[in-house]
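S.K.: Residue numbers (our numbering), protein chains in the order written: chain A, 17 to 225; chain B, 17 to 225.
Hints listed in this document are in silico derivations from the structure and should not be mistaken for laboratory results. A hint or two may mislead.
No copy is singled out in the list; a pair is fine if it fits within one copy or between any two copies.
[Stated by the list, open to error] List time: in silico SDA-like cross-link candidates among lysine to any residue, alpha-carbon distance up to 20 Å:
1) 179 - 83
2) 179 - 145
3) 150 - 67
4) 173 - 26
5) 150 - 131
6) 150 - 84
7) 150 - 186
8) 179 - 32
9) 150 - 35
10) 173 - 64
11) 150 - 61
Number of protein chains: 2
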Amino acid sequence: MNPVVSVFRHPPDGGRGYHRDTRVRWALEEVGQPYSLRYVTFSEMRRPDYMQLQPFGQMPVYQEGDLTLFESGAIVLHIAQRFAGLLPGGPDARSRSIMWMFAAVNTIEPCIASGSVGYLEQRLQQLALVLGEKTWFEGEDFSVGDLMMVSVLRPLKDSDILKQSRRLQNYVACGEEREAFQRALNAPPSVRRTSGRSDENLSVENFAL
Amino acid sequence: MNPVVSVFRHPPDGGRGYHRDTRVRWALEEVGQPYSLRYVTFSEMRRPDYMQLQPFGQMPVYQEGDLTLFESGAIVLHIAQRFAGLLPGGPDARSRSIMWMFAAVNTIEPCIASGSVGYLEQRLQQLALVLGEKTWFEGEDFSVGDLMMVSVLRPLKDSDILKQSRRLQNYVACGEEREAFQRALNAPPSVRRTSGRSDENLSVENFAL
């Protein structure tokens, strides 16, 4: 049975893919794993049956057989460890890829949320320095760490703070250009559903069903 | 060769174990892996040779052979996946344990950092509801998710906000009572070094050496 991923019925960002469910769809598209979507409205996210799956009433929820997961970082890591394609082969490189996931969600993302421009500027300069002229943080191959880092940086892409760094701008652009990302972003569930497109990798259902 | 973990030469918290290096030592103590400590001062953390290891100039750094990791969450997860003792046997339970790590560092910790009491109260109520009467989040067995969640909640333990929840207070206390935690906390490196205690699991060195 294919994994089921929750998705906003009416994404507050107007479909720009800035919400955390996008990361999960992106990961599934990268590994080529078919999945289903489950539409959820804001009022449904406050209902006891949803809170049973996601105790903080947030997005997203991931269901695969008897396993229910929340926290986009945990879900993306689960997908990367369960299906091939998002983690390097060597054990040290795997640990470093996972390190960049944590750097994204526990250093960069809180720094963005803090609203402190000076602090964020410093962190982004440090980040750009590590990236150097590499395409991805672990070199030639895109990994789960890049998926999370690009996801976390994307909402800054039109801001002056990211425009100060050519490297990080390019990095985000390279992430967005990936076919798997485009599939996750450009075929949002509402479009797919109304287009009548037949896509064997995707099925949709309502949460309330 | 044993892993080497960086540690504050002069911990700003006065040795209460609230800094992120404590989590790493705790994890190593839980799995029974001998390790060495590397003292670092604040001025050394700004030096290029330290920034080469930890690009954000933060604590901690973990070195194991050719592998260098930063981000306490990534290090703790690496230890849990590398050495037995901190992850459940079943694949679903493993993924859920890792989920609680991400909930700690990406939902609860940023919520504490936000300084919004109302928001934090709500999150802690939701957390206590999931914990219920269980000892740990995955039931009977302590896991890497509990290690991170207890670490994140500990700084709140004398606050009114945690005192509102008997469950979470007990949960933090159960974590702190673990022998491995006590070893990580109560034998801080300065004490061990000056006591002349011979501990085959521990050696210390200076970063600058």
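S.K.: Hint by hint, say whether it matches the structure.
M.R.: Cross-check of the supplied hints:
1. 179 - 83: neither (41 Å within a copy, 33 Å between copies)
2. 179 - 145: Result: close within a single copy only, 15 Å intra versus 43 Å inter.
3. 150 - 67: For residue 150 and residue 67, the Cα distance is within 20 Å only across copies (18 Å; inside one copy 42 Å).
4. 173 - 26: Neither: 23 Å inside a copy, 39 Å across copies.
5. 150 - 131: neither (28 Å within a copy, 37 Å between copies)
6. 150 - 84: between (36 Å within a copy, 18 Å between copies)
7. 150 - 186: For residue 150 and residue 186, only the intra-copy Cα distance (11 Å) is at most 20 Å; the inter-copy one is 47 Å.
8. 179 - 32: Cα proximity of residue 179 and residue 32: one copy only (19 Å, versus 41 Å across).
9. 150 - 35: Answer is neither; intra-copy 27 Å and inter-copy 32 Å both fail.
10. 173 - 64: So residue 173 and residue 64 fail the 20 Å test inside a copy (36 Å) and across (29 Å) alike.
11. 150 - 61: For residue 150 and residue 61, neither the intra-copy (40 Å) nor the inter-copy (25 Å) Cα distance is at most 20 Å.
In this structure, the hints that do not hold are numbers 1, 4, 5, 9, 10 and 11, in rising order.
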